[in-house]
Structure formats: structure tokens, C-alpha cells
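Enquirer: Residue strings, one per chain:
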Amino acid sequence: MHTSSLKKLSEGLRTRQFSSRELTQHFLARIDTLDPQINSFITVTAERALSQADAADRRIAEGTATALTGIPIAQKDLFCTEGVRTSCASRMLDRFIAPYDATVVKKLHAEAGMVMLGKCNMDEFAMGSSNETSWYGPVKNPWDLNRVPGGSSGGSVAAVAAGLAPVATATDTGGSIRQPAALTNLTGIKPTYGRVSRFGMIAFASSLDQGGVVARSAEDAAYVLQAMSGFDPLDSTSADRPVDDLLAGLQHPISGLKIGLPAEFFGDGMAVGVRAVIDAAIKTLESLGARCVPVQLPNAPLSVPAYYVVAPAEASSNLSRYDGVRFGHRAEGVKNLEELYKKSRGEGFGAEVQRRIMMGTYVLSHGYYDAYYLQAQKVRRLISRDFKQAFEQVDLILAPTTTDVAFRFGEKTDDPVAMYLNDVYTIAANLAGIPAMSLPAGFVDGLPVGLQLMGNYFSEARLLGVAHQYQQATAWHTQMPKGFN
Amino acid sequence: MTLTPDQIQQVAHLARLDLAPDRVAIYAQQLTNILDMVGQLSGASTEAVLPMAHPLDMHQRLRPDVVTEPNQREAFQAHAPAVQDGLYRVPKVIE
Amino acid sequence: MAQHEWEAVIGLEVHCQLSTKTKIFSGANTAYGAEPNTQADAVTLGLPGVLPVLNGAALEMAIKFGLSVDAQIARRCVFARKHYFYPDLPKGYQISQYELPIVEHGVLDIEVNGATKRIGITRAHMEEDAGKSLHENFVGETGIDLNRAGTPLIEIVSEPDIRSSDEAVAYLKKLHQIVVYLGICDGNMQEGSFRCDANVSVRRKGTEKFGTRTETKNINSFRYVHAAIDFEIERQIEVIEGGGKIIQETRLYNPGTGETRSMRVKEDANDYRYFPDPDLLPVIVTDDEIERIRATLPELPEAKRDRFVAQYGLPVYDAGVLTGEGPLADYYETVVKDSGADPKLCANWIITDLLGGLNKAGHGIQDSVITAPMMAGLMKRMADNTLSGKLAKEVFEAMSDGEGDADAIIDRKGLRQITDDGAILAVIQQVMDANPGQLAQYREGKDKLFGFFVGQVMKASQGKANPDAVNRLLKTALAGE
Numbered sequence: 001m002h003t004s005s006l007k008k009l010s011e012g013l014r015t016r017q018f019s020s021r022e023l024t025q026h027f028l029a030r031i032d033t034l035d036p037q038i039n040s041f042i043t044v045t046a047e048r049a050l051s052q053a054d055a056a057d058r059r060i061a062e063g064t065a066t067a068l069t070g071i072p073i074a075q076k077d078l079f080c081t082e083g084v085r086t087s088c089a090s091r092m093l094d095r096f097i098a099p100y101d102a103t104v105v106k107k108l109h110a111e112a113g114m115v116m117l118g119k120c121n122m123d124e125f126a127m128g129s130s131n132e133t134s135w136y137g138p139v140k141n142p143w144d145l146n147r148v149p150g151g152s153s154g155g156s157v158a159a160v161a162a163g164l165a166p167v168a169t170a171t172d173t174g175g176s177i178r179q180p181a182a183l184t185n186l187t188g189i190k191p192t193y194g195r196v197s198r199f200g201m202i203a204f205a206s207s208l209d210q211g212g213v214v215a216r217s218a219e220d221a222a223y224v225l226q227a228m229s230g231f232d233p234l235d236s237t238s239a240d241r242p243v244d245d246l247l248a249g250l251q252h253p254i255s256g257l258k259i260g261l262p263a264e265f266f267g268d269g270m271a272v273g274v275r276a277v278i279d280a281a282i283k284t285l286e287s288l289g290a291r292c293v294p295v296q297l298p299n300a301p302l303s304v305p306a307y308y309v310v311a312p313a314e315a316s317s318n319l320s321r322y323d324g325v326r327f328g329h330r331a332e333g334v335k336n337l338e339e340l341y342k343k344s345r346g347e348g349f350g351a352e353v354q355r356r357i358m359m360g361t362y363v364l365s366h367g368y369y370d371a372y373y374l375q376a377q378k379v380r381r382l383i384s385r386d387f388k389q390a391f392e393q394v395d396l397i398l399a400p401t402t403t404d405v406a407f408r409f410g411e412k413t414d415d416p417v418a419m420y421l422n423d424v425y426t427i428a429a430n431l432a433g434i435p436a437m438s439l440p441a442g443f444v445d446g447l448p449v450g451l452q453l454m455g456n457y458f459s460e461a462r463l464l465g466v467a468h469q470y471q472q473a474t475a476w477h478t479q480m481p482k483g484f485n
Numbered sequence: 001m002t003l004t005p006d007q008i009q010q011v012a013h014l015a016r017l018d019l020a021p022d023r024v025a026i027y028a029q030q031l032t033n034i035l036d037m038v039g040q041l042s043g044a045s046t047e048a049v050l051p052m053a054h055p056l057d058m059h060q061r062l063r064p065d066v067v068t069e070p071n072q073r074e075a076f077q078a079h080a081p082a083v084q085d086g087l088y089r090v091p092k093v094i095e
Numbered sequence: 001m002a003q004h005e006w007e008a009v010i011g012l013e014v015h016c017q018l019s020t021k022t023k024i025f026s027g028a029n030t031a032y033g034a035e036p037n038t039q040a041d042a043v044t045l046g047l048p049g050v051l052p053v054l055n056g057a058a059l060e061m062a063i064k065f066g067l068s069v070d071a072q073i074a075r076r077c078v079f080a081r082k083h084y085f086y087p088d089l090p091k092g093y094q095i096s097q098y099e100l101p102i103v104e105h106g107v108l109d110i111e112v113n114g115a116t117k118r119i120g121i122t123r124a125h126m127e128e129d130a131g132k133s134l135h136e137n138f139v140g141e142t143g144i145d146l147n148r149a150g151t152p153l154i155e156i157v158s159e160p161d162i163r164s165s166d167e168a169v170a171y172l173k174k175l176h177q178i179v180v181y182l183g184i185c186d187g188n189m190q191e192g193s194f195r196c197d198a199n200v201s202v203r204r205k206g207t208e209k210f211g212t213r214t215e216t217k218n219i220n221s222f223r224y225v226h227a228a229i230d231f232e233i234e235r236q237i238e239v240i241e242g243g244g245k246i247i248q249e250t251r252l253y254n255p256g257t258g259e260t261r262s263m264r265v266k267e268d269a270n271d272y273r274y275f276p277d278p279d280l281l282p283v284i285v286t287d288d289e290i291e292r293i294r295a296t297l298p299e300l301p302e303a304k305r306d307r308f309v310a311q312y313g314l315p316v317y318d319a320g321v322l323t324g325e326g327p328l329a330d331y332y333e334t335v336v337k338d339s340g341a342d343p344k345l346c347a348n349w350i351i352t353d354l355l356g357g358l359n360k361a362g363h364g365i366q367d368s369v370i371t372a373p374m375m376a377g378l379m380k381r382m383a384d385n386t387l388s389g390k391l392a393k394e395v396f397e398a399m400s401d402g403e404g405d406a407d408a409i410i411d412r413k414g415l416r417q418i419t420d421d422g423a424i425l426a427v428i429q430q431v432m433d434a435n436p437g438q439l440a441q442y443r444e445g446k447d448k449l450f451g452f453f454v455g456q457v458m459k460a461s462q463g464k465a466n467p468d469a470v471n472r473l474l475k476t477a478l479a480g481e
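Protein chains in written order, with our numbering: chain A, 1 to 485; chain B, 1 to 95; chain C, 1 to 481.
In short, the hints are calculated from the structure, not lab data.
Predicted model, so just to flag it, every value in this text is computed and none were measured.
No false leads were mixed into what you were given.
Below, a list of computed lysine-lysine pairs in the DSSO-like style, where the Cα atoms sit at most 30 Å apart:
1. C:K205 with C:K174
2. C:K475 with C:K446
3. A:K335 with C:K82
4. C:K360 with C:K337
5. B:K92 with C:K82
6. C:K245 with C:K217
7. C:K475 with C:K393
8. C:K117 with C:K217
9. C:K174 with C:K209
10. C:K390 with C:K475
11. C:K217 with B:K92
12. C:K380 with C:K393
13. C:K393 with C:K448
14. C:K174 with C:K132
15. A:K482 with A:K283
16. C:K390 with C:K413
17. A:K106 with C:K21
18. C:K464 with C:K393
19. C:K132 with A:K335
20. A:K335 with C:K217
21. C:K464 with C:K475
22. C:K174 with C:K117
23. C:K132 with B:K92
24. A:K335 with B:K92
Which chain B residues face chain C? A few, computed with CB under 8 Å, are given here:
25. L14
26. A53
27. M58
28. R61
29. P64
30. V67
Ideal placement from N, C-alpha and C gives every residue a C-beta, glycine not left out.
Sequences and hints are given; from them, build the entire structure.
Expert: See the structure below:
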């Protein structure tokens with residue numbers, strides 16, 4: 001059951017080959033036996049899952065089910081889930097029981113009828129590219145337990161890659177869906193900014209954060225993204241426009257599409273093995289009728305510096321609400337108010353979060369605002385314009401997702417800049433707010449390599465369509481890591 | 001741009017972060033490295049470029065002035081660190 | 001000290017709570033006086049993951065204010081975050097407006113000692129209020145109530161055009177009158193709906209350069225504003241003349257002592273790290289929207305006063321009193337319209353008798369037992385001579401005691417004025433018959449006795465005889481012609 005597509009699972013439930021309870025129990029059992037190896041869950045909500053499964057079975061019997069009713073899913077632990085700990089993998093929120101549901105959670109569970117298996121591990125407050133910053137310990141890559149699964153959605157991808165959940169939610173601020181999906185052989189999509197509601201999704205950097213999904217195929221991702229997307233009056237930045245039919249979009253042929261290859265994403269930084277995999281993928285797409293042409297994104301190399309101003313600035317502000325007063329960690333034995341703040345925040349936040357808070361505080365502070373923050377916002381517009389011009393020439397942009405395959409634990413922990421450069425190919429899409437995805441394209445020494453597709457605003461259907469057609473012609477995405485298949 | 005340990009302490013104070021003494025020098029070095037990387041931005045020609053605060057060119061929607069939120073004090077305070085008589089308790093605020 | 005050598009430079013910042021039903025960024029109730037934190041919803045508390053959405057009514061009210069002071073309304077304004085840590089500020093930042101406020105470049109004309117002066121309004125921006133810190137019942141601790149947090153405010157910042165505490169109070173009163181007139185603020189200063197911070201500096205007369213200013217925070221009555229500014233001016237002059245220097249600082253006014261004192265705020269508190277709030281988008285206001293709102297603006301006090309002078313022929317003073325509050329002006333106009341009586345007569349009654357009594361009881365026009373239609377009923381009976389002034393007073397008193405409307409009281413008490421010449425002549429005859437001695441003296445030339453006969457006639461008619469008719473008829477009758 002854990003290797004089946006969502007479509008198959010949905011059919012199985014509808015034709016009573018198995019019940020949602022049985023399906024849920026299957027995944028709970030796998031979590032029980034296999035998760036200790038990879039640490040992909042922070043909280044497993046077995047009881048709640050079974051009662052949701054029973055409710056789903058009733059819905060299926062009553063004929064009020066959706067395509068997703070009864071199918072289990074894992075939630076990244078920054079989506080608020082009422083009555084369940086929502087920790088953001090931080091000591092700060094270790095005891096935070098969310099008193100409300102995120103809009104995404106409402107849509108997937110209350111509306112679509114999916115079953116929540118639990119809350120996935122992640123980098124603390126989604127800040128990281130290796131899932132090593134979690135208060136609950138690192139997540140291991142099912143493809144090689146000595147290597148990182150990527151981040152920040154490391155738990156989400158590890159759980160799906162290891163077959164502990166059929167699909168999982170994730171979020172992407174600078175690559176946190178695409179980079180870990182690439183490193184674990186999954187299909188992950190970050191939709192257009194504003195397509196998925198941010199209400200109840202604990203903020204890292206508000207103008208960059210976007211919820212999405214990691215799955216075993218573009219088709220699976222389309223099912224879930226369809227249910228997650230849509231206008232939300234509770235989110236001022238939510239796009240008030242109808243959601244395209246993503247499932248219908250899967251059937252669109254690649255033939256005739258013009259795909260741009262930006263030279264800026266094919267430079268020296270890319271590992272030789274990755275280059276070979278990407279080149280092969282380009283050939284496959286061409287054989288399916290796509291035309292690949294060079295395209296310019298001249299400001300893209302400034303993405304990483306612009307991002308490491310904008311994201312920390314917003315993060316330092318967003319995280320100032322954690323003060324030990326109304327919720328979250330509160331230091332004990334403090335003498336005065338200032339100590340309450342400093343100790344609670346000093347103890348509650350890990351090193352990477354502290355670094356980014358300080359970085360953000362610094363770039364916003366008096367005398368530095370113009371040189372850093374304002375300049376970064378201007379560069380952001382330049383990057384965004386590059387995409388706009390590129391999409392006047394091509395339908396899609398293709399690039400590698402990462403420079404290399406998954407690295408080993410501890411390899412980059414002492415060098416934040418080296419760690420940040422992991423996101424060199426993914427960040428530009430966040431700055432511009434365009435949709436982007438990663439899909440499995442091959443292996444180097446047994447480790448997965450991801451292919452990144454970027455599209456114009458609200459072109460999720462086209463992106464998923466190309467990915468699906470590619471996956472009809474290739475089998476990379478069907479590979480499972482040994483020991484978990 | 002080099003950040004000194006003193007500057008780190010100032011920033012940490014602004015951000016209300018208690019730093020372990022042995023972390024200050026490390027943070028100073030790491031933040032200096034990050035600022036060096038970020039320094040590339042100054043090379044970009046951004047004359048007459050408007051800063052971009054949001055990815056989408058949308059404007060603010062307005063909410064009708066209707067009460068939608070019931071009293072949920074009990075639920076919100078159930079896991080609060082310190083409450084008394086419905087109030088959040090903090091060390092004395094001196095004005 | 002040589003006060004006359006000095007000149008004060010004063011700018012005021014007024015925080016005005018907008019009378020919306022819900023908060024500026026969430027659907028929580030804003031009613032005053034609820035149990036602590038029962039109106040602190042998820043957005044107000046800044047729970048992880050929540051997001052703000054702007055209340056349209058708050059925006060409309062801010063625009064109304066801008067239009068009423070001839071200001072520019074920004075077609076595009078932006079919310080920014082202002083950062084500081086304080087327990088009554090739940091998110092660690094206040095959502096405010098910084099570089100692009102909704103209202104800029106307004107003016108307000110005030111009158112002080114008969115002269116009109118124009119005070120510039122630099123800007124008015126929208127922002128959210130903070131919560132409250134409570135110190136009672138907590139030993140060594142403070143309790144935080146966040147009900148007020150998130151209540152919409154406009155902060156109205158004046159130019160440093162004010163030169164005295166009198167001008168400051170005149171400006172504040174005018175501002176207060178306008179926001180209450182507009183219905184955008186309840187104006188309740190005790191409950192903190194209208195609060196004032198005063199920026200005060202002094203300079204030697206004839207010099208251009210501003211002195212160093214202090215900011216005195218949260219002064220919650222007109223009287224305190226007057227006293228706090230006077231204290232601060234004197235203090236600053238004294239410091240400078242004593243060879244000292246004024247420190248730019250925040251001060252608190254203590255109504256008990258009438259003094260201000262330093263709050264000793266650390267310097268770093270001023271690094272607010274403003275930046276545009278990424279959870280909120282730019283607010284776009286169209287010309288059509290502005291015109292739609294302009295059409296809903298009520299007539300403002302000044303315009304109304306001028307109209308009252310022109311339309312009702314009232315003295316400026318009367319018109320000023322009657323237009324001091326919107327409901328009072330409405331009351332007056334209803335009385336004039338419904339009664340058809342002389343507008344000046346109506347004004348006299350409302351100002352002297354009605355407001356006199358209400359003020360004494362500490363009530364407003366809304367609390368009056370005598371409603372506008374009742375007052376109109378009374379004026380009508382004066383206009384048609386049913387009541388004399390004296391009778392009208394009696395009816396007015398009865399109405400105040402809740403005995404019903406004028407006609408009912410007149411009927412019940414038989415207070416109808418006697419205007420019929422025949423009936424009055426009969427009474428006169430009766431009085432002359434009863435006082436032959438006085439009549440004889442009068443006819444011998446003792447004119448002073450006329451007053452005696454008027455008195456007797458009025459007494460005999462139980463005050464109901466029309467005084468004008470009594471005078472006219474008595475003169476003829478006494479003369480015996």
C-alpha cells in the first residue's frame with residue numbers, strides 16, 4: 001500500500017479493497033517500526049488518525065467522499081493543528097498546543113477528508129537546508145542514513161521517501177520543498193506565492209513563505225495541491241482567483257513547449273555527476289517534443305545575498321512575538337522583564353534561529369536599512385523582472401534543483417555561508433514568487449538528483465503537466481530507498 | 001563589513017537574546033562572513049528601481065466591520081506560561 | 001525668571017481610538033470594559049501563524065478625518081512594523097504607518113482670545129493600540145490585559161505651530177469636536193479614547209532655531225494638557241536660565257502633583273526597525289472612493305455655526321454653543337422646525353434653561369428628559385401666545401419632572417394664557433372695584449401705582465393673563481376714559 005499512487009489508494013478505498021482504517025494502520029505501523037531510523041516525525045497522532053480514518057470510512061460509505069477522503073498525509077510541524085502540539089521543531093514551541101487549525105489543515109482534513117498521521121520534523125522555524133537545526137534532532141536521509149535529507153522540510157520528505165506516509169505537506173521559503181525533495185527522490189512543488197493560504201502556517205519570512213506538497217509523483221502532488229490551494233479571506237496576501245484544474249493539466253503534452261535553460265544556473269558550482277543527470281533529462285524532454293533554448297536571468301546570481309537580507313529581516317520581526325508571555329517557552333527564575341525576554345528567547349531558540357534573528361535585526365537597524373534591506377528589495381525587483389522577460393520568450397525554465405547530491409551530517413554546520421549556498425538554485429523563485437518544482441531525474445552514486453522546473457505566475461497546472469509527462473516516460477520517481485521498500 | 005563582539009551584544013540586546021559568552025565571538029565571525037556574502041548587493045545598479053516588498057502586484061483587501069471572534073480566553077490561556085485572574089503575568093513593569 | 005523673553009514651541013500627537021465594532025486587523029470586539037483578555041482573539045494575541053486583515057471601517061474613518069481637515073488622502077498607503085519589546089505589545093511590533101500614512105498636510109483653524117490661528121496637521125496615520133498593564137493584586141508582578149490591543153487608532157500629528165497651553169487646548173478641543181462630530185471616535189478621554197502627547201520646547205523670542213524638545217505622554221484631560229504644558233515650559237526655562245541643558249526625553253505627567261517627570265527610557269528603545277509589514281499589502285484608495293466618503297461627511301462645526309448665524313439670525317456666541325456638539329445642533333434645528341417659533345427665542349430657552357440644567361446635573365443633551373419634539377411643543381405654545389414667559393417656565397419645570405409634554409401639562413394645570421380682551425377687562429374691573437383708594441390716588445397722578453394694578457390683575461388671573469394685553473387694557477381702564 002505504501003508504494004501505491006494516491007489514485008490507486010483512492011480507488012482501493014472506493015472499491016472497498018481496504019478501509020481507511022486499514023490503510024492508516026498500515027502507515028502507523030510503518031512509522032512505528034521504521035521511523036526510529038530516520039526521525040521524520042515529531043509527533044505521531046495515531047488516535048486522532050484512526051478516528052479521522054473511521055470518519056472517512058463513513059463518508060465513503062455515505063457517498064460524500066472526495067478523491068482524497070481516507071488517504072493519510074503527514075503535516076509539516078509548522079501548520080497549526082488544533083489540540084495537537086505545533087512545535088516548528090523549536091524548544092520555544094515544544095509545549096505549544098495550537099488552539100486553532102491552519103487553513104491548509106482545514107482544507108485537507110475537514111474538507112477533503114484526509115487522515116493526519118502526525119507532524120513532521122523540520123529545521124527549527126524552517127531555517128535550514130539540512131534538517132540539522134531541529135530541537136528534536138536531525139532527520140536522516142532514507143537513501144543514506146549518514147546523509148542529510150535536505151531542509152527545511154526534511155521530515156516531510158523523509159517520511160514520504162521511506163513510505164511512512166503517502167504524501168506530506170511542506171513549505172518553501174528559499175527552497176525548503178524543492179531541495180529536500182531533490183535529495184530524497186521526490187516530487188515537490190512550491191506553488192505561486194499567494195496560491196496556498198498562509199493562515200495558520202507559522203511564519204518564517206512572510207513575503208517568501210509558501211505552502212506546498214511533497215509526493216512520489218507529479219500526479220500525487222496535483223491531487224493534494226488542488227485540495228490545498230485557493231483564496232483565503234484570512235490571508236491578506238492570498239490570491240483571489242480560481243484554482244486551475246491541476247488534474248486536467250496533467251494530460252497536456254510536452255510537445256511544442258519552449259523550455260529556457262538559464263546559463264546562470266549551469267555554472268561551475270554544479271557537480272559533474274549532477275550535470276550529466278540534468279543533461280540527460282533535457283534530452284528526454286526534447287525527445288518528448290520540447291524545445292530547449294538558452295535564456296538570460298542576469299540578476300539571478302544575486303538571489304542568495306538578497307534572500308539573506310530579506311528573509312532574516314522578516315524572520316527577526318516575525319519571531320519577536322516569542323517572548324515567553326502568552327505562549328511558548330518561558331525561562332524560570334528571572335529577576336525582571338528584560339531577563340524574562342532574553343533568557344526565554346536565548347533558551348528557546350537554537351543557534352541558527354538566533355543567527356538569523358541577529359542578522360535580520362542588524363539589517364533593519366538604524367543606519368543600515370537603506371544599504372541592506374532597501375537595496376535587497378530593489379535587487380529583488382531586478383530578479384523578478386528577469387523572470388518576467390524570460391517568460392516572454394519561453395514557457396518554462398529548467399535548472400538543477402541543487403548543486404550536488406545529499407551531503408553528510410556536520411559537513412556544513414560550522415559554515416553558515418556554505419550552508420546557505422545550498423539554496424543557490426532555488427531562492428530566485430521565492431524572491432519572484434513564481435511556482436517551481438523539483439522532480440526526480442536520476443542518481444549519482446545511488447543518491448537522487450532533482451530537476452527543477454520554474455513557471456510563470458499561476459502556471460502550476462503546466463508545471464505539473466510537464467512533470468507528469470516526463471514521469472510517464474521515465475521511472476526515476478518510482479525508485480524507493482533500500483530498507484524502506 | 002566586520003561585526004565586533006560588542007556589536008553582536010548590541011544586536012542581541014535589541015533582539016532580546018541572551019547569548020552564551022562563548023558564542024559571542026563565533027557569532028561575530030559567522031555574521032561577518034554572512035555580511036561579506038551579502039555585500040555583493042552593493043554592486044548591483046538599482047538606480048530608479050522600486051523596492052519590491054511583495055511578489056504579487058496586489059493591493060490590500062478590506063474586512064467588513066463585523067464581530068467574528070468569540071471569547072476564547074480559556075482555550076488561549078490553557079497552555080499559557082503564567083496567568084492569574086485572566087491576566088498574563090510578567091515581572092513588574094516599571095514606568 | 002523672565003518668562004516674557006521666551007517662546008514655547010509645541011506640537012501635539014493625538015491618539016484617537018476609532019469607533020469601529022471590531023479591531024483594526026481582526027474580528028474581535030472592541031467594546032470597552034470587558035473582562036480581561038476576553039476580547040483578545042488569536043490575531044490580537046499574535047498567536048503563531050495568524051495574519052492581519054484590514055478593517056474597512058477603520059480605513060473609511062481615517063479618510064473621513066483627513067477630508068474634514070482639508071488634508072491630502074494618500075491614494076496608496078502602507079502599513080509598517082514598529083519594533084519594541086513590551087508586555088502590552090503582543091507581537092513585539094506595532095502595526096503602524098511610517099513612510100506612507102493615509103493622511104498628510106491638513107489644517108485646523110483655532111480661535112484663541114478672539115483671534116483665529118491656523119495649525120498645520122503634518123499627518124494622521126492608522127495604527128493598532130496596545131494592551132494595558134495592571135499593577136493591582138500583583139506583588140512584584142504586572143498583569144497584562146490585551147482587550148484594548150488591536151483597537152484601531154489614528155495618530156494625528158500637528159506641526160510645531162502651537163505657542164501656548166491655551167492654543168494647545170483650543171486645538172485639542174477643536175480636534176475632539178471634529179472626531180466626535182464625524183462619529184469616528186467616542187471622545188471619551190477618561191477611557192482613553194482620545195489621548196494626547198505633547199512635544200514641548202522653548203526658545204528665546206526672536207530666534208528661529210527650535211530648542212531641544214521633551215515629549216510628555218498620555219495626558220488624558222484638557223485641564224491636564226494645560227497644566228502639563230505650563231509646567232514643562234516653566235521647567236525648561238528654569239533649566240536653561242540656570243545654565244543647564246534640556247535632554248530630549250519622554251516624560252510623564254502626574255496629575256496629583258501637577259508635575260512632569262522623566263521616564264528614563266534607554267536610548268536603544270528608539271531603534272524601532274520600521275519596515276513594510278509583509279503580511280499586509282499596500283492600501284489603494286481611489287478617487288471614487290474618496291468622493292463616496294466625502295458625500296457621507298456631516299456638516300462640520302464651523303460650517304454649521306456659520307449657517308446658524310445666517311439662517312437663524314443668531315449671534316455668533318449662541319450659534320457656537322448650539323453647534324458645539326452635533327446632537328445639540330440637531331436638537332436645536334428640530335425645535336425650530338417643529339415649533340415655527342422665533343429661532344432666537346428657541347436658542348435662549350435651549351441655552352439658558354435646558355443646557356443650564358443639564359450642565360448642572362453633569363448631563364449631555366442625549367440625557368435630556370425633554371426631547372426635541374417636547375421642547376418644540378413648548379415653543380409652539382409661546383409662539384401662539386398660549387403661554388406667557390412665566391407660564392412657559394412652569395410648563396418647562398413640569399416637563400423636566402417628567403410630567404409629559406407641554407399641551408398635556410397646560411390642559412391638566414389649566415395654564416392657558418388669557419388673551420381675550422373681554423375676559424381680561426372683567427378681571428381689571430374686579431381689581432379696580434376692590435381697590436378704590438389706589439384707583440383714586442392713581443387718577444390723582446400717582447403713576448407709580450400702575451405697577452401695583454398690573455400685579456393685582458396678574459394675581460387675580462393666577463398669572464394667566466397675557467402681560468401685553470394687561471398693560472394695554474389697564475392703561476385705558478385706569479384712565480377711566
